[in-house]
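Undergrad: Chains as they are written, first to last, in my numbering: chain V, 20 to 197; chain A, 559 to 739.
Do not rely on the hints blindly, as some may be mistaken.
Some, not all, of what chain A presents toward chain V, calculated at C-beta under 8 Å [to be verified]:
id	residue
1	Leu580
2	Leu620
3	Val628
4	Ile643
5	Ser647
6	His664
7	Ile692
8	Ile714
Pairs of lysine to aspartate or glutamate, EDC-like flavour, derived with a Cα cap of 20 Å [what the hints assert, rightly or not]:
id	chain 1	residue 1	chain 2	residue 2
9	A	Lys730	V	Asp119
10	A	Lys625	V	Asp144
11	V	Lys176	A	Glu585
12	A	Lys625	V	Asp119
13	A	Lys624	V	Asp119
14	A	Lys687	V	Asp119
15	A	Lys625	A	Glu560
16	A	Lys591	A	Glu560
17	A	Lys567	A	Glu585
18	A	Lys597	V	Glu115
Here are the in silico distance ranges between beta carbons for each label pair [as the list claims (entries may be wrong)]:
id	chain 1	residue 1	chain 2	residue 2	range
19	V	Leu171	A	Ile714	30 to 36 Å
20	V	His180	A	Lys597	20 to 26 Å
21	A	Phe648	V	Glu47	26 to 32 Å
22	V	Leu171	A	Asn589	25 to 31 Å
23	V	Gly53	A	Asp691	33 to 39 Å
24	V	Met20	A	Ile692	53 to 59 Å
25	V	Gly88	A	Leu717	39 to 45 Å
26	V	Lys178	A	Lys597	18 to 24 Å
27	V	Met20	A	Val661	21 to 27 Å
28	A	Lys687	V	Leu171	18 to 24 Å
29	V	Gly53	A	Phe707	37 to 43 Å
30	A	Asn589	V	Gly118	29 to 35 Å
31	A	Tyr659	V	Lys176	41 to 47 Å
32	A	Leu699	V	Gly53	23 to 29 Å
Derived from the structure by calculation, the hints contain no laboratory data.
Glycine included, every Cβ here is placed at the ideal spot set by N, Cα and C.
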Amino acid sequence: MIIMLLEFFKIGLLAIGGGLATIPFLKELSLTYGWFSLEDLSIMIAVSESTPGPIGINMATYVGFNSYGIFGAILMPLALVLPSFIIISLIIKGLEKYGDSKLVKAIFYGLRAAVVALILVVVFDITSMALSINMYPFSFNALALILLIVGLITQIKFKLHPILLICISGLIGLLLKL
Amino acid sequence: MELFITWFKMGLFTFGGGYAMLPLIQEEIVNKKQWATEKEILNYYTIGQVIPGIIAVNTATLVGYKKQGVFGAIYATLGIVLPSIIVISFMAMGLSHFIEYPVVKHILNGIKIGVSILLIISIYTMFKKSIGDIYQLFILLISLLLLIFTKFNIVIILLFALVIGLIINFTKINSKSGEDI
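Assemble the whole structure, with the sequences as input and the hints as a guide.
TA: Dropping the structure here:
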C-alpha cells in the first residue's frame, strides 16, 4: 500500500499541465505494477470525459478501490493531490508577500493572455465535440447547433445558474434523444 | 464548511475537465461569494497550469487558501475531489457499463451542449475583463497561433508569453510610468 501511495504521490509531483498530463504516467504504472490494465485506462479516459472529475483522480480512486476497498479509494486520490497542495502553500505565501510588486504583476500580465488563449482552444474543442463537427468530410449535428444558438441567446438574456442550465440541457438531450 | 460545500458542488457538476469548471467558478466564486476577482481566478488558473497537479484541484486549493489559510485549502481540495471518489467507487463496484446505456448517452450529449454554452459566455467575459490593452491582445494571438499550429509543450508557450509580457512591461514603464497593469 505504501508503494502505491508513493507512486501516486510521484505522479502528482511530476505531471505538469493538468489531468491529461497524468496519462503517460498512468500508462507506465500499469506496465510496471499491473494494478490495472491498459484497457481499464482507456475505459477510464472515456468515463472521465463523461463524469465529473479529473482523469488522474478517477484512476487513483479506481485503483485504490480495487486493491484496498473504500479506504484505498479515499487515500490514493489524496496522495495524488498532496504534492500540489504543498507547492501551492509555498507559492501563496510568496504571493501574499510580493503579489502587489511590479515584477509579479508583470509576470502575470503576459501569462494571463496566454491562458486566455489556452482556454479559447479548450472551448473550441469542447464545442466542436458537442456539435460532432467533422472536418474531412465536413459535417456537423445541425440540431445540436440550433440548440447551442438558442441556448446561448436564452442564457445571455436570463442568466440561469450554470448548474440549472446543465440540468436543463441534460433533460433536453434525453427528450430529443440527442 | 461553506468552502467545502461550494467546491463539492463544483466537483459534482464539472463535466469535461478543469477548464469546463470556469463558468461555475465565475458564478459561484466571483459573482456570488466574491471570494476572488475575475483577474485573480485567471492568475490561479495560470498557477494551476504551470505547477504539477490537476488544474481544477489546484484552483480550488488556491481559492481555499486565500479565503481561510491552510484549513480553507484543505476543505476546498476535499470538496472538489470527493465527488469523483464517490462516483468512481460506485463504478468500481461494477456499474462501469452505465455509460453505454443510450439514456445516459442522450443526457451526456445534451450536457455537452450546455457546457459549451456556458464556456462561450465565460471566455467572453474573461476576455473582456483580463485583456487590458493591445499588447496583451497581441500576446494572446501569438499564443493562440502557437497552440494551434505547433506542437510546443504548453509550459514552453506560457514561458514565452511571460517573457514577452515582461519585455513589454519594462519598455512601457520606461515610457510612461505608474500605470496599473
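Undergrad: Starting from the hint 23 to 29 Å, judge whether the C-beta atoms of A:Leu699 and V:Gly53 obey it.
TA: violated (47 Å)
Undergrad: Taking only the CA atoms, is the gap from A:Lys687 to V:Asp119 under or equal to 20 Å?
TA: holds (19 Å)
Undergrad: For the pair supplied as a hint, A:Lys597 and V:Glu115, is the alpha-carbon distance within the 20 Å limit?
TA: holds (16 Å)
Undergrad: Assuming the hint says 18 to 24 Å, is it satisfied by the Cβ distance from V:Lys178 to A:Lys597 or not?
TA: holds (21 Å)
Undergrad: Starting from the hint 21 to 27 Å, judge whether the C-beta atoms of V:Met20 and A:Val661 obey it.
TA: violated (38 Å)
Undergrad: Taking 20 Å as the top limit, are the C-alpha atoms of A:Lys625 and V:Asp144 close enough?
TA: With Cα atoms ~33 Å apart, A:Lys625 and V:Asp144 exceed 20 Å; violated.
Undergrad: Holds or violated: 37 to 43 Å for the Cβ distance of V:Gly53 and A:Phe707?
TA: holds (39 Å)
Undergrad: Given A:Val628 as an interface hint, is its Cβ closer than 8 Å to any Cβ of chain V?
TA: The hint holds - A:Val628 has a Cβ within 8 Å of chain V, the shortest such distance being about 7 Å.
Undergrad: Take the C-beta atom of V:Met20 and the C-beta atom of A:Ile692, compute their distance, and say whether it sits inside 53 to 59 Å.
TA: holds (56 Å)
Undergrad: Can the restraint linking V:Lys176 and A:Glu585 be considered satisfied, given a maximum Cα separation of 20 Å?
TA: holds (15 Å)
Undergrad: Within 29 to 35 Å or not, the Cβ separation of A:Asn589 and V:Gly118?
TA: Taking Cβ atoms as reference, A:Asn589 and V:Gly118 lie about 23 Å apart, which means the hint is violated.
Undergrad: At the C-beta level, are V:Leu171 and A:Ile714 separated by a distance inside 30 to 36 Å?
TA: Check passed, 34 Å falls within 30 to 36 Å.
The earlier numbered hints that this structure contradicts are 7, 8, 10, 22, 23, 27, 30, 31, 32.
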